[in-house]
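*Asks:* So the sequence lines, in the order shown, correspond to chains B and Y. First residue of the first sequence? That's 1 in our numbering, and the numbers climb one at a time after it. First residue of the second sequence? That's 1001 in our numbering, and the numbers climb one at a time after it.
Treat the hints loosely; a few may be bogus.
What the hints assert, rightly or not - Output of the computed footprint for chain Y on chain B, the stretches with three or more beta carbons under 8 Å from beta carbons of chain Y:
no. : segment
1   : 877–890
2   : 967–978
Said to hold, decoys possible - Here are a few chain B residues that sit away from chain Y, every Cβ distance over 12 Å (derived from the structure):
no. : residue
3   : 157
4   : 699
5   : 702
6   : 733
7   : 767
8   : 798
9   : 931
Keep in mind that the hints were calculated from the coordinates and are not lab data. Don't be surprised by glycine CBs; every beta carbon is placed ideally from N, CA and C.
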Amino acid sequence: MTQSAQTARLKDRGLIDRSQSLTFTFDGVPYNGYAGDTLASALLANGVRLVGRSFKYHRPRGILTSGSEEPNALVELRSGARREPNTKATITELYDGLEAKSQNRFPSLSLDLLAINGLVSPFLSAGFYYKTFMWPASFWEKIYEPMIRRAAGLGRAAQEHDPDSYDKAFAFCDVLVVGSGPAGLMAALTAARTGARVILVDESFAFGGRLLSDVRTVGGANGADWVNSVVAELKSFPGVQLMPRTTVFGAYDSGQFGAVERVADHVPVPAAGVPRQRLWRIVAKHTIIAQGALERPIVFGNNDRPGVMLASAVRTYINRFGVKPGETAVVFSNNDDGASTIADLVGAGIRVAALVDTRTVLQPATKSFARKHGIRIFEGAVVADAIGSSRVTGARIVAADGTSQNIACDLIAVSGGFNPSVQVSTHLGGRAQWQQELAAFVPGALPKGMAVSGSAKGTFGLASCLKEGAQAGEAAAVASGFQAKGAAVPAADDEPSDISAFWHVKTAKHKAFVDQQNDVTAADVALAEREGFRSVEHLKRYTTLGMATDQGKTSNVNGLAMLAQLTGKTIAATGATSARPPYTPVSLGALAGEHRGKHFKATRLTPSHDWAKERGAVFIETGMWLRAQYYPKPGENDWLTTVCREVNTVRNSVGVCDVSTLGKIEIHGTDAGKFLDRVYINMMSTLGVGKARYGMMLREDGIAMDDGTAARFADDRYFITTTTANAIKVLQHLELCRQWYWPDLDVQIFPVSDQWAQYSVAGPRARDLLAKIVDAPFDISNAAFPYMAVAELTVMGGVKARLYRLSFSGEMAYEIAVPARQGDRLMRTLMAKGEEFGIAPYGTEALGVMRIEKGHVAGPELNGTTTAADLGLGKMASTKKDFVGRVLSQRPGLTDPTRPRVVGFRPVDRSQRLRGGAHFIGKSDAAVAQNDQGYMTSVAYSPSLGHWIGLGLLANAESRMGEILRAYDPVRNGDVLVEVVPATFVDVEGARLRV
Amino acid sequence: MRINCPHCGLRSNDEFSYLGDASVVRPDPAAPNATEAFYAFGYERANIAGPMQELWYHAAGCHAWLVVTRDTRNHEILDVKSAQEVALERQKAAGTAQ
């Protein structure tokens, strides 16, 4: 890389570290800068003024500001997977190897073919899209939108996965101070001295705010040195957390704030284990917003040309970064900021051609300073137009008497006054208030625990900011319970801050931009007003003013003030649009944090997951669980072959299925039975000890909520299961019933889903297998342990276990539960001992096939629209007691006999496949919605019957056995004739359960 | 929002799940107008702008149901009570323990 000149670098100014030279590239050209530079200051040091093209007209744009309000200097940072579009050069901390590209130009920055948009600009005015692309409607998606998207827009997002990590963290404090200018530093220091836990946040990499950018004296010291001493003292307190490179982007209720810390944005690649950014949730008892104020431009002709810069930014580049933003300056202001700026320009050896002020009489001191340095003064005058195309070459000044003259310059420093940063302090709904004497909006009603101090509140003098910060810091600490220490406020002067509101130069001949990022001009604002868009909210949406990534930080107030002028209303009556989070854009990566890819949600594994994995199981996600779906054997290439084998093994010998994912809840207490009677539709208090019973719960509106079994181990000790999907919901419901409906019952509820590994052992040889693992003297014979018996016992030589004789498959079956840590061992033991019976593990598919063969309802039927009666379980509901859902289940709509009910289906042509979701239509009816009679909920290929079977919800189901219907599935071209049959397909009498 | 759980202390609302209006009480199922009363209990809710009593469940905590008084206009939490204690008091007042 060649050494570049840094021709615009000042020799003896700036807080940059000249011992650390950094190399970077912009559009492929190598440059040098120093540690402590931003990309913007380093570009300016190298004489680079043109940094981007505008959104709509592709106009050449430079650097307007020195902060996060920048509308123009947006670049693509880095490359490849780390490419980051729309990065503000003004806050991008320079690092060695930084790679940046300009945006929105084709083919190159200096020669942009789409700049022709500027010539056709009469057609791109406010509301242009709404008016022009209305017709024909069919053109929108295919022609207009792609065309507009190509021509307009900003940077390109990376196409690859972001290789970096993002973190989330919480922080808690007594006093949060947002912003580290004079007010913020004093607030933090004063609070810290009381012993309060303080967090000080600043979006820059250096603390100090304007004290780094202006030449000021604080407590007898140079401003920057004073900042260093305060930061050093803050670091000495153990309860103080300093967070540079952190933006508080939003205020939320209960004293919570969202913040993004740019942990590693200032290095090319984050170090191992270091996130790029960290999303903070800061919880503060008290908060002091000291974010300062942002200077606003004045709207004049060609005010977007590279070389037009905010006056405060000019001083920042000179004083903080040691950079000359131009050789010859014209300063244009409506307030005393102009005077400060000419002083710093002269101090840096930059020629000042003129001070143009809209006010008619300037301070004598300013005038004598100007005279001394050969600066022409124009009072009551304006810069009407910037001259020059790709950079400023002069200013057309219109004097108080209306005469116009051109003055050569390459820098126009502009100040239209200051907008206090009221965004975060109004996020919770407080409306910003217009103060005419300050010509600024100041914060309105503040949320509890929040104070605003310094220029964020409209207090513009340095001495006042220091004092106000100290007072706010002390008040916040005292309110948090700490003893005031009496803060000494360092001596300083209040700078003059006289202002006379001035917004828009009407004598401009050229396009005058209000919102530079969205290319909204003064003419657009006027057009919107003429067309009736006279409220600020309408103006915003019609012209897109303030809707760009900068959220109008340099344009909103100008826009609404111009609207006020046009409508003849006051600014106070015109009002401002509401600021909403985020204050500056937040990357999606930071919001997602670690929750991406497979970490998007937690994955729950059953205790014998590793065994299933070794066995080659194919897994399926059910909620957060990974469950074995089926276990293919070598040579089985098709899931159906595997599932049929698994079903046949269960029906003919024995199979084992992991059902650990079921919800499991202990219900204890003397009123446990009474309690369960009230939550299940059927009686549970009459259940004998050592027995289990199937049960169903309803929602209070009468719709089925969940089903499962209840087992009773003692008079006051029940254990119930829920479906996998509803485990959490049912627990929450039961807790509501216990605590809120019937708080006087003696009942305790414990979720134990994760405590037990549970397996279904099913098939004619199930008992033979279990007999091998139960410890003596447990008698597992059919007589001693019949269908629906339950017991606590030990297995495998002393392992605590529970055995339930339950069946979901229709075979003689058991569920056996052991403590979770024994699950893997139990599974391996069952497989080993079952080898002689030809045991097979079976997954959720075979489980599903067998339950459909038996007509048991599951998730597809318990779908939030069905009642117990719809599910064929109406007779279970007890008439001897009340239960949740009973009253409303008796509503006419839910007891209508024509409601669709669960019934079985088989294809008339047994070779045909059935499809879940197919709708039932009368055999000779047209397939239209009004002929719809229900739909297929579950289907399976039944290896036991050798054809497809289904369960479905059908109107008037009971009276239609044997009827032939169309099962119509237009999505998959299905139109199959099916026969209505009873919902049980295998072992209709249930004889196998009880052998 | 941050909710001061009487058992666990001040916690983020992430730990809680919301049910709704705590001022509606499950009606007496044996009352002659039970159907209408349950209909109202199930479906009729006031849309309150201001302090409202709500049921929240400390799902990622102690599993207690809470009666939280929240100002719906600004999410200010004005009061938090154990739902079970509120329900017991209500029963005591009405003499309806079952």
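*Asks:* Against each hint, give a clear statement of whether it holds in the structure.
*Replies:* Now the hints, each set against the structure:
For a cut-off of 8 Å, the count of residues in the segment 877–890 of chain B with a CB near a CB of chain Y stands at 5, and the three-residue condition holds. Counting residues of the segment 967–978 of chain B whose C-beta lies closer than 8 Å to any C-beta of chain Y gives 0; at least three are required, and the coverage claim is violated. Every Cβ of chain Y is farther than 12 Å from the Cβ of residue 157 of chain B; the closest lies at roughly 29 Å, confirming the non-interface assignment. Its beta-carbon lying about 9 Å from the closest one in chain Y, residue 699 of chain B breaks the requirement of being farther than 12 Å from that chain.
Here residue 702 of chain B does not stay apart from chain Y, with its beta-carbon only about 9 Å from theirs, under the 12 Å limit. With a closest Cβ-Cβ approach of about 10 Å to chain Y, residue 733 of chain B is found to fall inside the 12 Å limit, against its non-interface label. For residue 767 of chain B, the shortest C-beta to C-beta distance to chain Y comes to about 39 Å, beyond the 12 Å cut-off, and the non-interface label holds. At the 12 Å boundary, the C-beta of residue 798 of chain B stays outside the reach of chain Y, the nearest C-beta of that chain being 33 Å off.
No beta-carbon of chain Y is positioned within 12 Å of the beta-carbon of residue 931 of chain B; the least distance is around 32 Å.
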